[in-house]
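With the hints as constraints, model all of the structure from the sequences given.
For the record, the sequence lines run as chains A and B. Residue numbering for the first sequence follows our numbering, beginning at 1 and increasing consecutively. Residue numbering for the second sequence follows our numbering, beginning at 313 and increasing consecutively.
It should be emphasised that the hints constitute simulated quantities derived from the structure, not laboratory data. Among these hints, one or two may not hold up.
Label-pair distances were calculated between CB atoms; the ranges are [said to hold, decoys possible]:
| # | chain 1 | residue 1 | chain 2 | residue 2 | range |
| --- | --- | --- | --- | --- | --- |
| 1 | A | Gly43 | B | Pro377 | 53 to 59 Å |
| 2 | A | Val300 | B | Ala490 | 35 to 41 Å |
| 3 | A | Leu67 | B | Leu348 | 53 to 59 Å |
| 4 | A | Leu128 | B | Met458 | 44 to 50 Å |
| 5 | A | Glu204 | B | Ser429 | 27 to 33 Å |
| 6 | A | Leu10 | B | Arg430 | 18 to 24 Å |
Each residue gets a CB set at the ideal place from its N, CA and C atoms; glycine is no exception.
The primary structure of each chain is shown beneath.
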Amino acid sequence: MAGRLAHRLLISLFVLLGVLLVGFLMLQVMPADPAAAIAGAQGTEAEIEAIRRHLGLDKPVMVQFALYLSRVVQGDLGQSIINSASVFEQIIGAAGPTLELMCAAMIWSLPLGLCLGIVAALRRGGMLDRVVMAVSVMGVSIPVFWVGLLLVQFAAKTRAFPIQGRAGPIFTPDGFPHVILPATALGLILLGPVARMTRTTLSEALNADHVRTARAKGAGPVRVVLGHALRTALLPIITLVGLQVGSLMGGAVVTETIFSWPGVGRLAVNAITTGDYPMAQGAILFLATAFILVNVAVDVLSELADPRLRGR
Amino acid sequence: MMSDMSMTEVAAGSAGRTWRRMRANPTMLIAVTVLLAVLLFALIGPMISPYDPYETALRMRLKPPSAAHWLGTDSQGRDLATRLMYGARTTLMLGLAGVTFAALVGGTIGLLAAFYSRLDNPLMRLVDVMLSFPSILFGLSLAAMMGPGLDSLILAIGLSIMPGIARISRGAALSVMAQDYIDGGRVIGLPDRTLMSRYLLANAYAPILTYTTLAFGDAVLLAAALGFLGLGLQPPTAELGSIAAEGRSFLFIAPHVSFAASALIFLIVLPVNMLGDALRDAADRRAS
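Right under this line is the structure:
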């Protein structure tokens, strides 16, 4: 197991290096002289020269990449061209809200998806199964922004929930109402895939030998499903959730934009549309790194959770 | 949803038998009908519409549906139905270009990996890494590097779908590689290029094609999302995602602009995903 994990970690390290290379390239393609851009319109020749030396722009590309790596490791992602703010600080400030939004989305959609999947697996081929599968295929086919806009319109008509921005941490009375709509829109992305995966793996598990044995030994239906079948089915579901973090991230970028949620996704989109290369680079770097780390964590978790993998 | 592993089995299944089972399925018929209707709307619509999708008429802004404008007008006074026809055409083209690019690159990678076992490991490791990577990150990075537009959009769609196609085509090609006629071709001294195109590709293309078709829904969704974020094709080009974004500013006065564009995207993606589900179910039943 240690060997497999080490192998995975090594691959993740290489991926991280690739991501950093992309981030570096993003700064290379900046159309204007990056040093002049950072110094701004009022920057003097001397200032530009100083920035150029600080960024190592007078050195060969390989050295520049090495310098870039060492700066990133130290948390120096550069400064925004637009407002000279520290990219690192802006991202750290936006990371919390994005994490909040994703957690709020998962907290309702994972259990619900699991339940829907269980129901569908138990009534496979029946009416309920068909309804669940229809909802699931619609869930993965609907553009996230449509769900978001429908919710905005609904909330504006009924004045039930706030539709813009964030008002403090989501566990506070002020902050909570603000997360309801974005979390609803975002969670919908997970609902279909989780329900489908649960249905598939649980139906397989229900036919497995150990479940038949449990039945034969007189275990009740609840115990058979929850204690025996679902336990083996849970592992692929954990893996799926790890993979779905990617589509969740995509959804978060759109949801944050619709609901003006001050997260990393919105930061990235705004940076790209305004040509703020350092900010875009930083935000994308952050999202990619977060994704890699989540998947490493999922790998470790599933290795730990599955006794069959332990011996290898 | 295309990452589900059972997709591999579906795509590897025999197309003819699956098709016969599918025909007996009413959901299938609905899906195909809806898809055909959208295709007609996008391809024939622009030819018969009396309106220009780009000519603005500010006195006609945000009119509700009427006899002259079936779906009303948008914020620039353009006929919304016409905008949607051109938009659907653009979106379909984007999806098509994206999956075609993905199929060419992914198919080549898969075939090479199966044909040259030396290349298998490095190529597939690369593919594995890309397979899990969020498609939105491809979209964001390419838009940041190349600037938002057609090139970055198609590249982003292609790169996000390519890994799945590479896996499928490697699997299909590996099973062909085990056939005697490949050895036969080698024995009579055919060059690798001929073996790959006339023997390998000719016998392994069916699952690649199936998977590529089913990835079309994901391609359209990504194109629409990037268009909505302003990272796709730039206005005034009619594209469904950006039409939905334009309508967002007038959501409370004229919700039909955003909603019609979004609904049209849904009507393109849903039937494709329904077809995918039906294929998967048919393959599941065959397996059991």
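Tested hints:
1. Gly43(A) - Pro377(B): 53 to 59 Å: Roughly 54 Å apart at Cβ, these two residues keep to the hinted range, so it holds.
2. Val300(A) - Ala490(B): 35 to 41 Å: Since the Cβ atoms of valine 300(A) and alanine 490(B) sit about 36 Å apart, the hinted range of 35 to 41 Å holds.
3. Leu67(A) - Leu348(B): 53 to 59 Å: holds (57 Å)
4. Leu128(A) - Met458(B): 44 to 50 Å: Cβ of leucine 128(A) to Cβ of methionine 458(B): about 47 Å, so the range 44 to 50 Å holds.
5. Glu204(A) - Ser429(B): 27 to 33 Å: This hint holds: roughly 32 Å between Cβ atoms.
6. Leu10(A) - Arg430(B): 18 to 24 Å: holds (21 Å)
This entry satisfies every hint, going by the numbered hints stated previously.
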